[in-house]
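The listed protein sequences correspond, in order, to chains A and B. Just so we're aligned, residue 0 is where the first sequence starts under numbering that gives the first Met the number 0, counting upward by one. Just so we're aligned, residue 0 is where the second sequence starts under numbering that gives the first Met the number 0, counting upward by one.
Please note that a few of the clues may not be correct.
What the hints assert, rightly or not - In silico DMTMM-like pairs for lysine to aspartate or glutamate, Cα to Cα no more than 20 Å straight-line:
#: 1; chain 1: A; residue 1: K170; chain 2: B; residue 2: D109
#: 2; chain 1: B; residue 1: K72; chain 2: B; residue 2: D109
#: 3; chain 1: A; residue 1: K168; chain 2: B; residue 2: D28
#: 4; chain 1: A; residue 1: K178; chain 2: B; residue 2: D107
#: 5; chain 1: A; residue 1: K178; chain 2: B; residue 2: D109
#: 6; chain 1: B; residue 1: K112; chain 2: A; residue 2: E69
#: 7; chain 1: B; residue 1: K117; chain 2: A; residue 2: D161
#: 8; chain 1: A; residue 1: K175; chain 2: B; residue 2: D109
#: 9; chain 1: A; residue 1: K181; chain 2: B; residue 2: D28
#: 10; chain 1: B; residue 1: K112; chain 2: A; residue 2: D161
#: 11; chain 1: B; residue 1: K101; chain 2: A; residue 2: D177
#: 12; chain 1: A; residue 1: K100; chain 2: B; residue 2: D109
#: 13; chain 1: A; residue 1: K175; chain 2: B; residue 2: D107
#: 14; chain 1: A; residue 1: K170; chain 2: B; residue 2: D107
#: 15; chain 1: A; residue 1: K100; chain 2: B; residue 2: D107
#: 16; chain 1: B; residue 1: K112; chain 2: A; residue 2: D177
#: 17; chain 1: B; residue 1: K117; chain 2: A; residue 2: E164
#: 18; chain 1: A; residue 1: K181; chain 2: B; residue 2: D109
#: 19; chain 1: B; residue 1: K118; chain 2: A; residue 2: E164
Note that these hints are calculated values from the structure, not bench results. Every value quoted in this text rests on a predicted model; they were computed, and no experiment measured them.
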Amino acid sequence: MTKKIKLASTPTVTTVDGKYYPAEDAPAKSTSKTVRNPTKIRASITPGTILILLAGRFRGKRVICLKALESGLLLVSGPYQVNGVPLRRVSPSYVIATSTKIDVSSVDVSAFDDKYFARSEESVKGELFEGDAPKPAIVSEKRKEDQKAVDAALMKVVGGVDLLEAYLKAKFSLTKNDKPHKMVF
Amino acid sequence: MVFKRYVEVGRVVLVNYGPDAGKLATIIDIVDQNKCLIDGPANLTGVNRQVISYGRIVLTDLTVKVCRNARQKTLSAAWAEADIQAKWESSSWAKKLVAKQKRATLSDFDRFKVMVAKKQRSAIIAKKMKELK
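Chain B on its own, in the form it takes in the complex (with noise of 0.2 Å):
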């Protein structure tokens, strides 16, 4: 099985424990085989320049050009250039968590709502499957 991500300088991560949980950074630098440096860009991101571990951060596809441990100001321009947030937001992983977040603070009202509608586009479905038969 090949790799297809990998642990480099300009790679962006998924942040997924601690208090930047849930946010995007990219890996600037290496520390060791279980730490990196990562940064936002703070700005753009709000996680700040910091050592953080590999068990709590997930690789992304997406990777932004950089050099090593690059300013923020190099890196938030790069990071416009490249439009990761943009690609970030129309994948279905980012798609996948937003509905997720959405799904947990649906009151008990919401849920009925959702159970109707489900309801109604499963006879459709299976309405027009009847047809095709």
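Next up, chain A with everything else stripped away, as it sits in the complex (with noise of 0.2 Å):
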């Protein structure tokens, strides 16, 4: 008499609420309950405040800080034919807020974000191959114009301050005798 071999054959998955559970444990989604809050800056540091660079290639100019960012930088301007500093972004960490504070409201920086500065790819590229000196930084035609405008509005306003501009133009240091922790900025 023959048996009757019952070949084995593969398990055929049907998933089953409840009935399935898969081989390995999957590790359950968390939720992600962290919220994501816009970079807090001090509160000393306002559109219109006189900052103090510390760090950079502007070390020691006293600029003025148009808007803060979305990533947290400030917006800063010389303004440029002032100081030489021009648009820039700059990190507060780097800065002394003074308390010296004028009225940037009809300066128009709503064009001006982090976009603004990002680095075109030519330019990230280059970078890689220094074997020479750095190149002169080449600032486009766009850059120039908003830098105009946007210092033709802020030097009427250092205009109507005394000696606003003298003091923007000179340099901050620390000489002997001063005592930082207790200058009142």
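Once you've looked at the hints, go ahead and assemble the two chains, each given alone in its own frame, into the complex.
Next comes the structure, spelled out in structure tokens:
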């Protein structure tokens, strides 16, 4: 008598809720409860505050803060004709906020955001091969025009305050007998 | 060297240290070699009647005519008569203290303006000196 041999068949996977479990425990997807808030910039820095830059190419220069950008950086302008600082982003960590403030509500800075300052692909590629001296920065015509527009509005405000232009022209430095922890800025 | 300012009843002092630092007071009684009793008078200077060490006060040139342990009322009257507040404020000592306090609160822009003013002043002086030579 021949026995009927049942061939083992691969079990078909049927997903019936509650009766099917994966071979290894799949990690449960954690719901993220973190809230992404805009970066908090210290209260002493507001649009129109005169800032002292402490690091970078323009260290020691006194500049005007125009607005806080989404990335948490500050948009700043010399103005360019006064001290050579263009429309630039600056980190608030490397800045002293003075108590001197001017009214910059008449200056239109809505067009400037982080995307405006994003580096173009060509300039990024060129940096990797530095054999020669660093090439001078190529400033686009658009940047120059924007700078002129912003500075024209700024100079009107700056001109209204006595000695402010000379103040922005001068550089900040510590001298003997200066105690920065006791100085009021 | 002869001493000119004495610790005596009625001596006006400047408190140097403690919660009343920078305020005037008068000595109204002497406790011992190290401390004395002072009073503002409280309604005029804000210093309450208290025992204070000599190390915490400094004597001024001004005195008030009061008896030992004078009441605050008598002391206030004597202060007003001697016009101590006006005399103190017109002294160069008091003016220097005010200037020092002002300098401590100058902002960076203010310090710049002071620097410019000093330069202008010395330029005028130098010009005059040249003329006189």
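Hint check against the structure, violated hint numbers in rising order:
2, 3, 6 and 9
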